[in-house]
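Here the protein sequences come in this chain order: V and S.
Numbering of the first sequence is given in our numbering, commencing with residue 1 and proceeding in unit increments.
Numbering of the second sequence is given in our numbering, commencing with residue 1 and proceeding in unit increments.
It should be emphasised that the hints constitute simulated quantities derived from the structure, not laboratory data.
Some clues are possibly wrong.
Okay, the calculated beta carbon distance ranges per label pair [claimed, not checked]: (1) Ser136/S to Gln173/V: 21 to 27 Å; (2) His3/V to Ala257/S: 47 to 53 Å; (3) Lys390/S to Tyr90/V: 53 to 59 Å; (4) Glu240/S to Ser448/V: 34 to 40 Å; (5) Arg36/V to Tyr141/S: 25 to 31 Å; (6) Phe237/S to Tyr90/V: 53 to 59 Å; (7) Gln173/V to Arg62/S: 50 to 56 Å; (8) Gly98/V to Glu240/S: 52 to 58 Å; (9) Arg36/V to Lys41/S: 47 to 53 Å; (10) Lys382/S to Ser401/V: 51 to 57 Å; (11) Asp370/S to Pro348/V: 54 to 60 Å; (12) Pro261/S to Gln173/V: 57 to 63 Å; (13) Glu336/S to Ser401/V: 51 to 57 Å; (14) Asp370/S to Asp420/V: 45 to 51 Å.
Source: prediction; values computed, not measured.
Cβ coordinates follow ideal geometry from the N, Cα and C atoms, glycine included.
Protein chains: 2
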Amino acid sequence: MRHSKNIAIVGTGLVGSLLALHLRRSGHTVTVFDRRPDVRKVEFSGRSINLAMSNRGWKALREAGVEEEVRKLAIPLYQRAMHVNSSPVYFQKYGKEGEAIYSISRGVLNRKMIDLAEAAGAEFRFEEKVWDVDLSEAKLYTGESEKGEWKEYDFDLIFGADGAFSRVRHKMQRQSRFNYSQHFIDVGYKELRIPANADGTHKLDKNSFHIWPRGEFMLIAMPNLDGSFTCTLFLPFEGEYSFETITTEAAAEKFFADFFPDIHEEISNLTRDFFRNPTSALVTVKCFPWTYYDKIALVGDAAHAVVPFFGQGMNAGFEDISDLMNLHETHDNDWETIFKEYQERRKPNADAIAELSYRNFMEMSSKTADPKFLLRKKIEKKFAEKHPEKWVPVYSRVTFSDKPYSEALKTGDMQAKIMDSVMSLPGIAEKWDSEEVEQRILSLLEESGNR
Amino acid sequence: MRHSKNIAIVGTGLVGSLLALHLRRSGHTVTVFDRRPDVRKVEFSGRSINLAMSNRGWKALREAGVEEEVRKLAIPLYQRAMHVNSSPVYFQKYGKEGEAIYSISRGVLNRKMIDLAEAAGAEFRFEEKVWDVDLSEAKLYTGESEKGEWKEYDFDLIFGADGAFSRVRHKMQRQSRFNYSQHFIDVGYKELRIPANADGTHKLDKNSFHIWPRGEFMLIAMPNLDGSFTCTLFLPFEGEYSFETITTEAAAEKFFADFFPDIHEEISNLTRDFFRNPTSALVTVKCFPWTYYDKIALVGDAAHAVVPFFGQGMNAGFEDISDLMNLHETHDNDWETIFKEYQERRKPNADAIAELSYRNFMEMSSKTADPKFLLRKKIEKKFAEKHPEKWVPVYSRVTFSDKPYSEALKTGDMQAKIMDSVMSLPGIAEKWDSEEVEQRILSLLEESGNR
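Please model the entire structure based on the sequences and the hints provided.
What follows is the structure, given as structure tokens:
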């Protein structure tokens, strides 16, 4: 039997609790710390974006033996529902027949994951604030306040699963030669809600991811099991339409009425939530290294926070755990090797999904209403359907596969180059579905394959 | 008379003491804090690189009325002295007749600047550690240790001049939407020393900046007033020749003998210093914003640390002070406006000098020995001499002008594009000084000007 380690995890979010579950199943002693109260006992924060669980997330849950449990909490979304101003809603399938992403409420999933980890024997210590970490000794220091009395804990390993503003990473950052960046975009977000109909049914198609792209800003809505939708308004902090300018109820009502006429019955709900819920910022965090010898490792957002526009934040974090546990399987308790291979394998993929998520931010907010962009997508789609083995769209590579994100980025760049060239063909708008265009793409693919 | 403010500066380095001097001259009360001891009373740290004072630095000193005092500490360097393996030393003039950069020992200059600021009435509080800053109230908290008793100070304004690992910035970084990055290069450095001859004269040409470019690594030497040279060895942390591999005296001696044969008499000095002095890392720090309302501002490395390969770190910091004080002149005590304009003006220039410094790292270490690079430089030089109004080299724009760094970067990119095109002309090695090439550059310049 494997020698059992005494392991701390800082952070009881999704990634922390999945890791706790896995490590318990491997026979380790696991203590999970969180500065916040138990999410099972309090109202969730009102700053959440619904999760879009996709292939990588399911794979990690399957490996932890809890896929079926979680499936019960999820609603499959087979398509985007595009609410473009003054057009009827139209739908874009995400993938092939049966391929879907799954909407899950963050609060609901988090509570379930903690339940599962606790049932497996992990100890959860809520409202216990970690203030300092001794990296080389794997010690944690907790207490009421940063300047007050601290309690010292001794562990064999510590995982930082404490999110984009990780305290564990903060300590690693003080070492020399630790690369780090945090970059905020100029757009923030706000959680809003569309309640269920009186009979508990959904007010919009429940198997779609709803998008209202409006150039500088965007509203999205994802279904919940109780018939409601969790909406997220992405809006600039400053500018004509922004969190800075929409400060009165009248202004908010006018904003919702002007830009989201097809849900005008929800205006009072949206307006109420607009002023009740906090405005949150969106950050990309990159750092390296992610580990410290055989003592410390960062996982999930603590290592690689991304903007949410590819719906991959949680999936990428779950994939960290998947990779880590596979390495644990291979290298048993040789944690120095595990951590080394973990960061080498994950870092390029984390950078790739950060880049892809940022690009999707540009695409979803501003381009989804641009006719040239739509034409481009139409050409790609037609070609991909006819030559599925030659053209797997980036979205599918990211969402419906478990091949490395870095490969998806590389292929995406290659495809983008080809499409740039195709879109510059004279008269492309007219001849977009001609054999000439198809042949052109085939020959460009050939060229790029031979390079 | 202008209303006097009670101002704190954190950091008694070059930029902090220049700012203290300036603010005293403007009638403010100034207290300068440093966690380290008074540099006038202790041996300097042995991790210094000699300063190359150039136009921007001198301008700031002139505005503070101390240019002449500092000139006495400086040795003009008119040229690079290139020590290329197995060739005799050759020289490259820096600029036009009389243009020079000035070698100054960091310790010597820092002591002088503190003397000057103190004489002007600034209060210096050494060995007093700042642990926390209240941004909105402009309060400082100091004490023996982070967890111990703290003393509270109340100010009107606080400047963070506390370097690349600034504590003041650290506090600003905790705000939402604060962009930050720290990026270390894989090369570190070590201070070494070549002592004077017995008669006090210099062992190498004293009016040159000496460079031994060796591909992956590089040695430089800059003269001091006492006849010695401060040398800096830039060497990778890992790899064949690296701080990781050179760990014995024998290995160091062999390294110096193999690669720096023309200073083989210095081997024992170099070897002694190699093991006595610390190895330091090199970091680029970027952040934004630099200011907090009318309360807090970052200056110098705290706002924009750059790698030292353009010799502009201190010059850029001094230029911050120059710009700040000019804005103070214009806007009197409207510090909110001063800070806003200061960061808007300086940020693009700080980003530009970071980029230019990083590029020079690539250029100085690996390319200065490459024949193609030397040919390229030769063509540029010839053209610049013939058409001085049409082609001011980037080095001159950065070093011998006070036009914005961002313009130098832009012009540099344009020139690089032209030179890429020129270098790809067939037979360029033979016809490099032909009229054809000259005409080609002229027409490319014309084109780029019309774009």
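Could you see if the CB distance from glycine 98/V to glutamate 240/S stays within 52 to 58 Å? Between glycine 98/V and glutamate 240/S, where Cβ atoms are some 54 Å apart, the hint holds.
Given a hint of 25 to 31 Å, does the C-beta separation of arginine 36/V and tyrosine 141/S actually sit inside it? For arginine 36/V and tyrosine 141/S the Cβ distance comes to about 27 Å; the hint holds.
Is the hinted range of 54 to 60 Å satisfied by the C-beta distance from aspartate 370/S to proline 348/V? Distance hint for aspartate 370/S, proline 348/V is violated at roughly 30 Å.
Distance restraint hint 51 to 57 Å, applied to the beta-carbon atoms of glutamate 336/S and serine 401/V: 52 Å, holds
Per the hint of 34 to 40 Å, is the separation of the Cβ atoms of glutamate 240/S and serine 448/V within bounds? The hint (34 to 40 Å, Cβ to Cβ) holds, given that glutamate 240/S and serine 448/V are roughly 36 Å apart.
Could you tell me whether the CB distance from proline 261/S to glutamine 173/V stays inside 57 to 63 Å? 42 Å, violated
For the hint 21 to 27 Å, verify it against the beta carbon of serine 136/S and that of glutamine 173/V. 25 Å, holds
Starting from the range 50 to 56 Å, see whether the pair glutamine 173/V and arginine 62/S falls in it by beta-carbon distance. 39 Å Cβ-Cβ, so the 50 to 56 Å window is violated.
Starting from the hint 53 to 59 Å, judge whether the C-beta atoms of phenylalanine 237/S and tyrosine 90/V obey it. 56 Å, holds
Just to be sure I understand the hint, the distance between the Cβ atoms of aspartate 370/S and aspartate 420/V should be within 45 to 51 Å; is that true here? For aspartate 370/S and aspartate 420/V the Cβ distance comes to about 34 Å; the hint is violated.
Is the hinted range of 53 to 59 Å satisfied by the C-beta distance from lysine 390/S to tyrosine 90/V? 56 Å, holds
CB of arginine 36/V to CB of lysine 41/S, is that within 47 to 53 Å? 48 Å, holds
Consistency with the previously given hints fails for numbers 7, 11, 12, 14, ordered from lowest to highest.
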